[in-house]
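Colleague: The primary structure of each chain is shown beneath.
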Amino acid sequence: MKAPLKRSNAPIFWALFGAGGMLSALLGPMLVFITGLAVPLGLLLPADTMSYPKMLAFAQNFIGKGFIFAIIALFLWHAAHRIFHSLHDIGIHAGTGAKLLCYGSAMLGTLIAAYALLAIGF
Amino acid sequence: MSDMQKTIEIEVLRYHPEKDKEPHRQVFEVPFTDDMSVLQGVQYIKDYLDGSLSFRWSCRMAICGSCGMMINGIPNLSCQTFLRDYYPARVRVEALAHFPIERDLVINMEGFIEKLESIQPYIIPKEERTLAQGEYLQTPEQLNAYEQFSSCINCLLCYAACPQFGLNSSFIGPAATALLHRYNVDSRDGGKAERMELINSEEGVFNCTAVGYCSEVCPKHVDPANAVNQNKTNSAADYFLRFLAPKGGAK
Ligand code: SF4
Ligand code: FES
Numbered sequence: 058m059k060a061p062l063k064r065s066n067a068p069i070f071w072a073l074f075g076a077g078g079m080l081s082a083l084l085g086p087m088l089v090f091i092t093g094l095a096v097p098l099g100l101l102l103p104a105d106t107m108s109y110p111k112m113l114a115f116a117q118n119f120i121g122k123g124f125i126f127a128i129i130a131l132f133l134w135h136a137a138h139r140i141f142h143s144l145h146d147i148g149i150h151a152g153t154g155a156k157l158l159c160y161g162s163a164m165l166g167t168l169i170a171a172y173a174l175l176a177i178g179f
Numbered sequence: 009m010s011d012m013q014k015t016i017e018i019e020v021l022r023y024h025p026e027k028d029k030e031p032h033r034q035v036f037e038v039p040f041t042d043d044m045s046v047l048q049g050v051q052y053i054k055d056y057l058d059g060s061l062s063f064r065w066s067c068r069m070a071i072c073g074s075c076g077m078m079i080n081g082i083p084n085l086s087c088q089t090f091l092r093d094y095y096p097a098r099v100r101v102e103a104l105a106h107f108p109i110e111r112d113l114v115i116n117m118e119g120f121i122e123k124l125e126s127i128q129p130y131i132i133p134k135e136e137r138t139l140a141q142g143e144y145l146q147t148p149e150q151l152n153a154y155e156q157f158s159s160c161i162n163c164l165l166c167y168a169a170c171p172q173f174g175l176n177s178s179f180i181g182p183a184a185t186a187l188l189h190r191y192n193v194d195s196r197d198g199g200k201a202e203r204m205e206l207i208n209s210e211e212g213v214f215n216c217t218a219v220g221y222c223s224e225v226c227p228k229h230v231d232p233a234n235a236v237n238q239n240k241t242n243s244a245a246d247y248f249l250r251f252l253a254p255k256g257g258a259k
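Protein chains in written order, with my numbering: chain L, 58 to 179; chain A, 9 to 259.
Incorrect hints may appear among the rest.
With a straight-line cut-off of 30 Å between C-alpha atoms, the simulated DSSO-like cross-links for lysine-lysine are [said to hold, decoys possible]:
hint	chain 1	residue 1	chain 2	residue 2
1	L	K63	A	K240
2	A	K200	L	K63
3	L	K63	A	K134
4	L	K156	L	K63
5	L	K156	A	K240
Derived by calculation from the structure, the hints in this document are not laboratory data.
All chains, full assembly: derive it from the sequences and hints.
Modeller: So, in structure tokens, the structure goes:
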């Protein structure tokens, strides 16, 4: 008989991956447009949309904090999972090391984001 | 043979474990007509050119699922693939990818048979019923829920297409998951909790990275990728909600 089945903990990573994928699909293009095109080129939006005081106020607001945290953390977990699984496709048969590196950097990014958002105050 | 007789080159991956250290290629010149399948091509080789060539087949009509091969690198049923579609180029036939080769085009499918047994591919009744209670009735919707997943012919093309199975052969894989799902969503069945343990396990659905090639190559439109993905959702829900529900097959 085969070894007894061991429950996989993949749903945790899969759920973070799925949430990040959903969020990036919904908001990613808009964020790229606002932060990468509209604001720097002065299109559509007022020139001071992303000025320091405004962004600071945004990051100090509860909802703003939550938004920034979700965007950074979930995008990172999505990317980590996708990169880890894509390594196979480019011929790198990733083991524990690559797993630690991918998910570890997402974890690190999440912690840094959380720390920075808390440090910036309310 | 008339002057009009066309011939096509068929390149076959040969392997006889008792004398070959590793598989090697052999090219045969095969006369063919437009109605000849790749299977008929290899049958010609066996009948007239080299009787030692081994391969599986039975129905010749895409029903039995035994004639799967890699044809020019793509998993396909050789009985429903036609030589005329490759002519005048050479056709390359190999044993299905990701399986150990038993001999020439014959793969060892023991691993799959074990998986098939492990999913309990039969209805596990919800409760004891007496004959007097009569047959089970199903609505068209209840039939619809599982019918597509019940058309699998175990041809294993989907396993040859699945890169994740190629990397980890303990992955339960597309067809077994589709068949497992077929019983889980059958209104007569009560074995879901037991089968979910397999879905949730390290051999289960999370090996899949949503490539989808399995469904593309499936000759029976089973759409195993769909079954796998539905069960990722089921499994994730079970993973997070198992603490709320007292029963459930969680470990
Ligand atoms: S799911 Fe399709 S490709 Fe896979 S074994 Fe069944 S019939 Fe063949
Ligand atoms: S011989 Fe039966 S499916 Fe091809």
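Colleague: Hint by hint, which ones does this structure get wrong, listed from lowest number up?
Modeller: Every hint satisfied by this model.
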